[in-house]
Amino acid sequence: MMHLKNMLLSAALAALLVTAGCSAASTGTPSGAGGSSELTLRVGTTASADGFNAMTENGSFGKLNYTGLCAAPFVTTDEKGEVQPYMMTSWEISDDKNTLTATFATDKGVTWHDGEPVTMDDVLFTFRYQIQKKSGYCTGLTAVEKIDDTTAKLTFEDGKAFNALNSMANFVKLSPKHVWEKVDGDYKEYQGEDASIGCGPFRMTGYDPEAQVITYQSVGEYFMGTPAFDKVTVKTYDSHDALVMALRTGEIDAMYDYSNSLSATMAPSVTGVENLNPGMSDNPGNYQLVFGFNQKPTDDLAFRKAVRSALDYELLRTSIGGEDGQIPGTGIVAPPNKGFDPSLPKLSQDQEAAKAILEEGGYLDKDGDGFRELPDGSEMNVLITPQYNKTRQPLYLRIAEILKANLEEVGIRTTLDEESVRNADHATQVRKEGTYQLYIGYTSPGVAMYDTAFMYIIQNDSNPWGTCTLPAFVAAYEAKQQGRSYEEYSAAMKDLQAIADQEVIGLALCWDKAYFPYRTDRFEGFTNIPGWGVINNKTWFSVRPKNA
Amino acid sequence: MAKRTLLGRLGESVLIVFCIVTLNFFLIRFMPGDPVLHIIGEEEYYNLEVHAPQVIEEIRGEYGLNQSLGRQYLTYLGKTARLDFGNSYRTKAPVLETVLFRMKWTLFLAIPATVIAAFLGGALGLWAGWKPGGRFDLAATPCFLLISTVPTNCLAILFLICFAFQLGWFPISGITSGGLTGFAKGLDILHHMALPLAVLVLYKTSSNYMLMKSTVSLIRQEDYVSTAISKGLSQGKVLSRHVLKNALCPYLTSICMQFGGMLAGSMMTEIVFSWKGMGTLIYDAVNAKDFPMLQTCFLLISICVVAFNLIADLLCLAVDPRVREGMNHVG
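Taken in order, these protein sequences are the chains called A and B.
Each residue of the first sequence is one higher than the last, beginning at 1 in our numbering.
Each residue of the second sequence is one higher than the last, beginning at 1 in our numbering.
Chain B on its own, in the form it takes in the complex:
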């Protein structure tokens, strides 16, 4: 039964990806602006617009931009099925190559940020939720509340101005300074990574903290927790055996969502720190109306989100017997 349900979920996921890809294809084409401007360059475009507008139409034809949307869509689906994502309108470079390069750097930043924030937010939230109104809760909650309400780009700019510009402790932008190799380059990358990583960790930790704290606060009032304490179990055992296990399901789902969204989730931080990952790639592609690039980015992001949703379901199945039980009943 469970196998059939899992196959059903997998089928749903494929359908969702297809729908998102279709939606993205049409949404991108409804964006204002002319992609030909970015294909041939702005000076040439404006010159041609004045002196030879028919050439702009010819170029539009070369790129298939004058075809009907339906025809463009079918061509796109066929190429996607063959994993042919074409070349960027803007850079003329193969799209897949560019996306994979940028994805590497986004993951290099986002994976440690998500993992560190998952542990940090979970542990601190557990602590604060177990003793609500305690000194730690009173000190930490307002701070994390403040951080989670400030937009990431504001926090990033504050860090940039304070630690990079005023104090000069960290580089202003980029992944590395250039001209370095080996160990020196590795250290240089870590140096460049420190500020964006700190911003992402702080931001993600604050939301994780809030979630874990509120979940634990609710669980703490349950009868089975009071029973466990009255049976004389140590605080550590109550937390790990009864509270954490029950709080883990929503928390894991939230962390999986963060992993799912990490390809595009750090866009604002990447832009502020000029971290050349997926965020800046999408931002530039939107500005340049680079359809092939945008389509590929959105396709990969969609797959990532849907895949981690599926993983979240599987993890909940693994850690929470009530979910397994429910599935069997449904089946």
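Only chain A is shown next, with the shape it has when bound in the complex:
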């Protein structure tokens, strides 16, 4: 028995040694700031630190570059989603929309983080690289030509200059020619220490792989303004739960997760908490129901109108957006978007009206089984296809459940496309071939701000997503794409929303909120950009220590 006791004692001692050592270490541990006296803005994200190559967009380094932290974009967007100057300081678009003549900040004393000056050669190199790799951000760009040391002419095809200017905003960054011209092979594979070099207001100075913290140091005076803090640290958390806990305990100051806002179910955990602002904003993106125009009965306006009247928008609102969600309007696009038309009516449920529309359209229950048949008497069984997305899958399935229940209440038999739930390749194939009938999808804030939810509805030569070819809709969409100014763009958007109202080409299911929480006890001057949150291209110049 003594032997057994000794064994137990040894085991307990071993456990104690470890935990005691741990507890002893609990005092005086700095919280992510590195323990120095420099003023540090501490950002938390769930994007992992996947390399530090400025030519890629992966991981927290790549995603933070969308905000112009380390790399400097040519143009950015403001709160309204309109393009604003950055490295491209001014521009003029020709009448045929095929030429963009722009000036660049090559005379503002901007240097790369290795000390080399930023020149027109870098501008030319960057655009030529975009042309060579056929970048989706610079569609239609065919040539770039130097005019003088600060001016260049960009040539586009198919009148895409204004379109490309909006597409490249935040995403296309100036690249240092002297670094990349030495690299053989694919730039994205390059792992050299100078791969992270940019000409933004902060330069990357270190990465601690154990702490999962990237550190950036301010370059000081910068042509866009001088940051009021010395350092930025970006720490990776594995989940939004851990990130919220870190915010609440003061381990970090703000959250950045590109377009992945906290879900509505987590909103209560960041609301009403001392020194914490939930960072709520209107989400420019939205969940939507897209009708398949290649299939019966969803190609029939009467059927689409009946579906619009059958759905319980109150239940959809709370299921998708929680208490802060809004019932959407008939024009689909959400309020923060350019050209939003507030005059269109809000969606509302009226199942009696839905039944009447179906009766009138010839959708009758001829065999008395409780479900209606198609006007030609054949069986009607409408397929509900949710977009394949691992993160959003539970919500998509909940939406599908609601749709199924509501439609069956008015006598429309439905089936869930389970293959698309399980298999991404099948879901993609269904979408690309346009064989769906009711498709549940999501327009991300990035797409919503320029391409809009209509991108997922239209079918044209350059768009494989949608199935709608109604001539008025296609014409309005093309007018939007070829607009040369925001006035033209907004006018086309109004037309598109009016068509969405009349022709029921799709339905927004909820206008929800985005939550990017931040602390208010250390810093002030944050600007909450809808869909982006408070870590954006303004942060580096507007945020300052509280009571400074």
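Treat the hints as calculated values from the structure; they're not laboratory data.
None of these values were measured; they are calculated from a predicted model.
A few of these clues could be false.
[To be verified] Simulated restraints, written as ranges between beta carbons of each label pair:
#1 A:A475 <-> B:Y283: 41 to 49 Å
#2 A:D121 <-> B:T22: 36 to 44 Å
#3 A:P117 <-> B:Q166: 21 to 29 Å
[Claimed, not checked] Counterexamples of contact, computed for chain A against chain B with all Cβ distances above 12 Å:
#4 L301
#5 K305
#6 K338
[Claimed, not checked] Only pairs whose alpha carbons sit at most 30 Å apart, straight line, appear in this in silico DSS-like list of lysine-lysine:
#7 A:K133 <-> B:K79
#8 A:K182 <-> B:K79
#9 B:K185 <-> A:K231
#10 A:K366 <-> A:K390
A virtual CB, placed ideally from N, CA and C, is assigned to each residue, including glycine.
Following the hints, complete the assembly by docking chain B onto the known chain A.
Chain B alone, transformed into the frame defined by chain A:
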């Protein structure tokens, strides 16, 4: 004879690793999703999908993803034989370098957890099994039963919320806070390690306890134990000479299995505590369809599992003469 049998076992192990590697290669490729999305980034991917889908196909060609599965498999086998695991699709960093770095931190957590739990579970199980129905058994068994039935991630989240978030005794996540060096860094790592280690120790101890308790309870009823007690041997001697020796073979096999599975066995705990080990690496690689990373991780895990199986066999040979005897008869 024994040497020949051992060589046979070794040959079996190599064959098993080869089969697992082959299976992993094909299973990974049947996962839904497009790896190109993670190679070029989601915004660029969706832009290209709309405006220039042919570029996506070109990239697929560059990475050999448009080749037939057979051809991809042969290329993979050739590279694996040369220990060339390539670069990660996601991070572009050399796979082996990343895996070895992450493996270090998983082992740093898993080895102490397995060792502590082996001793703790073994000793407590021995105690409870020797006196079934006793006060200790009545108190400990329901507790360990409860712990072993709760999923590890639930237990981890409970610990995280209680001890890290509410009480603030431990950090919320990560291996270290950063910006520290030397002794301070060591202490900081131990501080970060305490909660995940406690969860793993509790979880592993509970299963070890159950195994040891049930084995000892059965052995206790054997005639040779009654004979030893009636001969007047002390309780300690009966336990160490007769009970423990007989209970050790299945227990050692179970512990070896735990060592074999430790590279991937703490995945959920690592994810909850953001402990950047193999678990989170595999989790991220699955999400990103990072084929080279997944293949290397699975290869190392397979080798680890098979190697510890072999070690378990050898240990049983060493501690249990009946196994040696059986092998000689077979031989």
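Against the structure, the hints come out as follows:
For A475 (chain A) paired with Y283 (chain B), a C-beta distance near 47 Å keeps the hint of 41 to 49 Å intact. In this structure, D121 (chain A) and T22 (chain B) break the distance hint of 36 to 44 Å, their C-beta atoms being roughly 51 Å apart. Against the hinted window of 21 to 29 Å, the Cβ-Cβ separation of P117 (chain A) and Q166 (chain B) comes to about 53 Å, which falls outside the hint. The Cβ of L301 (chain A) lies farther than 12 Å from every Cβ of chain B, with a closest approach of about 27 Å, so its non-interface assignment holds.
Against chain B, the non-interface label of K305 (chain A) holds: every CB pair exceeds 12 Å, the least being about 29 Å. No beta-carbon of chain B comes within 12 Å of the beta-carbon of K338 (chain A); the shortest separation is about 19 Å. Under the criterion of a C-alpha separation no larger than 30 Å, the hint pairing K133 (chain A) with K79 (chain B) is consistent with the structure, at around 29 Å. In summary, the hint linking K182 (chain A) to K79 (chain B) is supported, as the alpha carbons are separated by about 28 Å, within the 30 Å threshold.
With a CA separation close to 21 Å, the supplied pair K185 (chain B) and K231 (chain A) stays within the 30 Å bound. The hinted pair formed by K366 (chain A) and K390 (chain A) fails the criterion: a straight-line CA distance of about 40 Å is larger than 30 Å.
Consistency note: the structure conflicts with the earlier hints numbered 2, 3, 10.
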